[in-house]
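A.B. asks: Residues per chain are reported as follows:
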Amino acid sequence: MSRKKAARGKAASSSPSAGSPAGKGAGKAARSSPGIVPMNGVVHPSRPSISNSSEFYDVAFKVMLVGDSGVGKTCLLVRFKDGAFLAGSFISTVGIDFRNKVLDIDGVKVKLQIWDTAGQERFRSVTHAYYRDAHALLLLYDVTNKTSFDNIQAWLTEIHEYAQQDVVLMLLGNKADATHDRVVRREDGERLAKEFGVPFMETSARSGLNVELAFTAVAKELKHRSTKEPSEKFQLQEYVNKEMKGAGCCRA
Amino acid sequence: MQRSKATNRTRTRTAAHSGAKDRVDRVDPYGFERPEDFDYDSYEELMSDYLVVLTRRTIKWSKLLRGKRKVQKSLTLKRYVRKGVPNEHRTLIWMAVSGAQDLLEKSPGYFHSLLGAQHDPKLVETICTDLNRTFPDNIHFRKTSEPCLQKSLYNVLLAYGTHNPSVGYCQGMNFIAGYLLIITKEEEKSFWLMDALLGRILPDYYSPAMLGLKADQEVLGELVKAKTPGVWKTMTDQNVMWTLVVSRWFICLYIDVLPVETVLRIWDCLFYEGSKILFRVALTLIHHNQLEIQQAQSLPDVCQAFKQITCGPFVDQCHTFMQKIFTEPGSLSRATLAKLRELCRSRIVAEES
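So the protein lines, in turn, are chains E and W.
Start counting the first sequence at 1; every next residue gets the next number (the UniProt record's numbering).
Start counting the second sequence at 1; every next residue gets the next number (the UniProt record's numbering).
Treat the hints as calculated values from the structure; they're not laboratory data.
Nothing here was measured: the structure is a model prediction, and the numbers come from that model.
A virtual CB, placed ideally from N, CA and C, is assigned to each residue, including glycine.
Possibly wrong hints are sitting among the right ones.
As the list claims (entries may be wrong) - Partner residues are not named here, just some residues of chain W that face chain E (Cβ under 7 Å, in silico):
| no. | residue |
| --- | --- |
| 1 | 133 |
| 2 | 248 |
| 3 | 331 |
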């Protein structure tokens, strides 16, 4: 009778998406986590905090995934969170949802609270209320879908209108593994990103290409900003270029 | 008596322990594959009780419907619907009480003419984006299944979007059309039931401005404030907007939020009594779990709590759950709801302009 999705919820004990009734008691006991991410700042708990998954963290940030419907936002998130790609097992995201993941960035435990949003245009009036609390936005398009690429400009306009001015922004061309169906060249993505001064990379939730890197780069940038060491400014695009897999190594 | 029943159940359960997984199908009666961690023992125990109810109701329904050419709304029928429509009568009852049957009979061929009409390519594209993402865990929605409900899903959504271009296609409608097809197994009837839901039963949840949805989320907030003030305070203290935790409840009409059987029981009443039922369900979930929600110390905690209250025995036991929705939240008059809807709607319009 009950049809809660094991595959999606199973490995994600810290995820509110985990629908397992078995986790009920555990969730309750662990519910001592401090509130994170106030409107405009970073949390520095006086002592290490415990997230729902009993993982310690030092700082927490809110990251949002945005982009047209079907570009692979949920898949990218699940790949990053659980390291899995389950082809054809995803349902379209309705509304908004989030998952947590704690990363170790140079010895600092950085917790990313990653918000997954519905991509369809009419849901934006519901979701853009959350933009202003976001510390970082990952803007996705699908390299096999020209429309999703053409809509990036509209997305950027919306982001500039609703997000914080200093929000960390990154453009991702997803489904880069789909060589046969590709209609947006990497150079097109690079050119657009350059035009708007946004770091860029291609990703694949299917193969895992650059997925970890995209989130790590954002976490590094946010951590760097929060520790306020202006003397050695962290260069997000430089870091990305250096670390990027695939053709990234031969570029200047 | 109570006790002996409990003892009996424990005994049955122990005996059943080894074999429930062998006896229960891997796919549920609606075509959904059961998840890997599905609790077969609890399910079997639950069903052994529910089957008794189902059998009793089926006999009563056969008597009620015997010799009737047309089903008419009546207090008796309403009472019967609240106690659950047997699956074999669902199409008939949903079609009758929602008015969909009348419209189908008035416009024979209309559905098929919509399929033959010129289609907005943008509409086609948005629908296609979601076809593979609608119930991938249901065997009837596989491309290879025969009959293939994915093709029917496309037809129903395309026809509806063409019939009502101001709504077109909104995510969430795919799940609703999918459920209608699972139950009716007919595209045309699914189309007219879709029309009943979106055109008359629900406010404008799915139009581009989603004003009806935004208003109903706020209405729920107002009702919670009056009926369960502790929860309302938690939401306010943690700065949680209602849309964050309940938008899927409304848009998907509880599909993929609550267990399938429970959703269908809710829909029985939704078709008969209207969108008020959605509030009764929400208020029951919130009221029943108010202490759990109030323990939340942060926004993520609140979100987590709202996920957890949609699973577990309270919602699995659909028959008692459906009794609870008419008692637990207390009174909820149409007039109150209409007034709150108007209030919230004008508040939102004022904020947005």
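A.B. asks: Now look at each hint and say whether the structure bears it out.
C.D. replies: Verification of the hints:
no.	hint	in the structure
1	133	4 Å, holds
2	248	5 Å, holds
3	331	29 Å, violated
In this structure, the one hint that does not hold is number 3.
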